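All chains should be modelled from the sequences, with the hints used to inform the complete structure.
Number of protein chains: 2
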Amino acid sequence: MKPNDLPSTPWVLARRAARMNPSVIREILKVTERPGITSFAGGLPSPTTFPVAEFAAASAQVLHDDGAAALQYAASEGFGPLRERIAAMLPWPVDPAQVLVTTGSQQGLDLVAKVLLDPGSRVLVETPTYLGALQAFAPMEPEVVPVANDEHGVLASDLEAKASGARFLYLLPNFQNPTGRTMSAARRDELSQAAQRAGVPIVEDNPYGDLWFDQPPPAPLTARNPQGCIYLGSFSKVLAPGLRLGFLVAPPALYPKLLQAKQAADLHSPSFNQRMAHAVLQGDFLDRHVPRIRALYRSQRDAMLAALQREMAGLGVEWNKPDGGMFLWARLPRGLSALDLLPKAVDRGVAFVPGAAFYAGDAPDADALRTLRLSFVTATVPQIDAGIVALAAVIREARRP
Amino acid sequence: MKPNDLPSTPWVLARRAARMNPSVIREILKVTERPGITSFAGGLPSPTTFPVAEFAAASAQVLHDDGAAALQYAASEGFGPLRERIAAMLPWPVDPAQVLVTTGSQQGLDLVAKVLLDPGSRVLVETPTYLGALQAFAPMEPEVVPVANDEHGVLASDLEAKASGARFLYLLPNFQNPTGRTMSAARRDELSQAAQRAGVPIVEDNPYGDLWFDQPPPAPLTARNPQGCIYLGSFSKVLAPGLRLGFLVAPPALYPKLLQAKQAADLHSPSFNQRMAHAVLQGDFLDRHVPRIRALYRSQRDAMLAALQREMAGLGVEWNKPDGGMFLWARLPRGLSALDLLPKAVDRGVAFVPGAAFYAGDAPDADALRTLRLSFVTATVPQIDAGIVALAAVIREARRP
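One line per chain: the protein sequences are A and B, in this order.
Each residue of the first sequence is one higher than the last, beginning at 1 in the numbering used here.
Each residue of the second sequence is one higher than the last, beginning at 1 in the numbering used here.
Each hint should be verified, as a subset may be incorrect.
[To be verified] One-sided and incomplete, this derived list gives chain A residues near chain B with beta-carbon spacing under 7 Å:
| id | residue |
| --- | --- |
| 1 | Leu6 |
| 2 | Ala14 |
| 3 | Ala18 |
| 4 | Met20 |
| 5 | Ala56 |
| 6 | Gln61 |
| 7 | Leu63 |
| 8 | Ala70 |
| 9 | Met89 |
| 10 | Leu117 |
| 11 | Gly120 |
| 12 | Ala136 |
| 13 | Pro241 |
| 14 | Asp266 |
| 15 | Pro270 |
[Unchecked claim] For the chain A half of the interface with chain B, some residues (derived, Cβ under 7 Å), not all of them:
| id | residue |
| --- | --- |
| 16 | Arg15 |
| 17 | Pro47 |
| 18 | Phe50 |
| 19 | Leu71 |
| 20 | Tyr73 |
| 21 | Ala87 |
| 22 | Lys114 |
| 23 | Leu116 |
| 24 | Ala240 |
| 25 | Leu243 |
| 26 | Pro252 |
| 27 | Ala264 |
| 28 | Gly283 |
| 29 | Leu286 |
| 30 | Val290 |
Simulated from the structure, these hints should not be mistaken for laboratory data.
Please read all numbers here as calculations on a predicted model, not as lab measurements.
Glycine residues also receive a C-beta, built at the ideal position from the N, C-alpha and C atoms.
In structure tokens, the structure reads:
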């Protein structure tokens with residue numbers, strides 16, 4: 001029997017299937033779907049921000065005006081007017097011909113992995129990084145190498161030290177998942193130049209960039225060097241995730257292969273959804289809508305910060321203050337493990353994601369095991385207050401000798 | 001410079017990217033989008049069959065009743081009630097837990113390839129076969145081996161001769177793309193038994209099975225041996241392709257890996273679309289709707305057969321009479337090439353797909369070069385009449401010494 005045989009079946013798995021394993025987060029999320037659980041775990045946008053009425057109007061309009069085209073097969077590149085709109089929205093000059101509409105930005109990660117990663121290829125990632133990216137890269141069997149960060153982002157010196165043979169550096173510069181951290185403008189300049197010197201392309205993932213609270217984040221790294229970057233964007237956070245619409249912007253040298261991978265993966269993203277999104281984006285809808293999301297998430301971040309300040313006093317817990325996005329990053333006192341704490345927290349009706357899940361490479365160290373990700377966007381302010389009280393109680397209990 | 005370097009860029013392509021190339025059919029389709037071209041080329045369902053009013057009602061209902069859930073992230077497995085409905089629709093006992101909703105059945109092919117194919121793995125396919133499957137398999141770098149057919153389907157003897165080490169046999173038993181051919185019940189029995197004896201699993205793709213004209217096709221091969229088969233289905237032909245909704249049914253031993261691959265590929269198929277499809281499928285909608293599609297396509301097939309009979313007399317062209325589906329398969333007289341004929345046909349305002357595109361493996365032989373695929377579902381009856389007149393004129397001209 002070969003190692004990948006499935007016993008008592010005729011099936012043999014590909015070697016890469018050994019890298020495909022259930023997401024820790026998904027397993028946790030299943031628990032948190034129980035009624036009565038306050039979840040700081042999922043990365044679910046607040047459903048109160050979904051423009052339901054606008055989608056209803058857009059759906060009726062698209063089906064009335066152009067139902068046959070909206071329901072037919074369509075070009076793998078995406079709906080032309082939507083690609084033009086995307087190009088016009090981006091803060092550097094983008095030719096719509098470089099825009100590929102994807103089935104969520106998660107698909108962009110899958111396509112990038114297929115086109116750029118051989119088994120054993122080196123991929124550089126932040127420490128910690130987005131779990132979904134690690135899952136998208138894993139089937140292509142790369143060697144994932146974490147690069148060191150400080151509070152301003154990835155260290156250019158560590159990038160240079162690890163650059164040799166790297167196929168790309170994967171970055172979430174704005175309100176990162178999981179840490180909520182944003183890369184400073186100076187660090188972007190420095191890192192972009194270091195990457196160019198070292199010959200390392202960058203895959204820049206920006207699902208949260210529009211969700212700033214006080215001021216917009218610095219310009220994308222792609223704007224600094226479009227030929228050396230693939231940019232991934234999403235409508236999941238500014239419109240709604242349930243449409244599964246994202247996009248990528250790729251240099252002309254790479255676009256045809258990414259397009260071909262897209263065509264083989266699902267022919268095209270739903271034409272109906274693309275036309276609906278395009279209809280909703282008409283005029284200045286986002287200019288009116290996104291500020292409301294920002295204000296809501298800012299108030300929820302503030303509520304969580306205030307609750308942490310109030311409830312965690314004297315417990316030795318640390319946390320950051322994200323300038324936007326959906327996540328706050330916290331650290332338990334020495335000796336505690338977020339993974340061990342989780343079932344106790346769930347028993348008290350509150351859930352989070354242990355930070356260890358987001359660390360690539362070898363087993364997480366003691367420092368990583370103390371971290372946790374808290375989403376402040378799904379729960380309401382009263383739920384946030386009650387959830388942090390419960391979390392503090394669990395920590396207090398765990399600290400007892 | 002390594003072979004996969006993109007010159008003057010920092011990018012290095014994965015080895016598999018060499019297998020990703022533009023679809024011949026897509027390049028042809030671009031030409032046929034010119035106004036005034038009658039296209040027998042694309043596999044586009046007739047837009048007159050799209051249930052636009054039902055989708056409009058379903059969309060309004062879903063957004064009104066449950067907009068927040070329809071627009072939110074959702075489970076990778078798919079929308080529970082839709083999975084139950086799919087299981088109940090299939091003609092053998094299927095547990096909804098074995099149903100995975102996919103972003104079109106094309107994504108099912110991508111997931112199957114990721115989970116089952118290593119570089120060099122042997123995959124058995126019909127001669128000719130669906131081009132989109134060849135494209136979905138290609139990035140995983142398999143060795144694709146065509147198996148011989150007669151008019152009843154794949155020859156069990158040739159399957160057995162080529163079975164050694166095959167990861168699976170890929171089949172479209174009903175109204176196949178591109179040939180329109182249907183596998184007989186006796187051949188299904190024989191082939192299913194031969195595959196089980198030889199230890200070769202089957203991936204059964206059935207997008208066209210509901211589009212029968214006189215009587216339903218024989219039961220799927222999967223019904224004969226569910227543990228040894230993955231079944232792929234689609235809503236593109238009975239509802240509309242623009243929603244990108246398909247599904248697969250997998251044995252329990254394989255389901256978790258396919259689910260994991262799905263999650264990494266695009267998290268989940270659009271929740272909104274799944275709920276819309278589920279709403280449209282309520283009650284006996286398909287029982288009323290699909291017979292209308294069958295009647296339309298049957299009348300268009302009959303029109304094409306009559307036009308061929310009328311216009312091709314004495315030209316040495318042969319064709320089959322499909323019992324359902326969307327495609328008819330024709331063969332030019334010896335000495336002619338369908339590929340050479342295409343630009344001349346387009347000049348006269350008619351397009352088709354040269355059959356050579358659908359042959360896996362080495363360069364197509366002289367026999368394959370004479371074949372062409374004619375879709376009878378997109379063009380209207382008057383367009384079919386005029387298109388076949390034009391095609392006959394081109395063939396007549398090409399036969400002149």
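*Which of the numbered hints are not met once you compare them with the structure shown?*
Per hint list: 3, 6, 9, 11, 21, 26, 28, 29, 30 violated.
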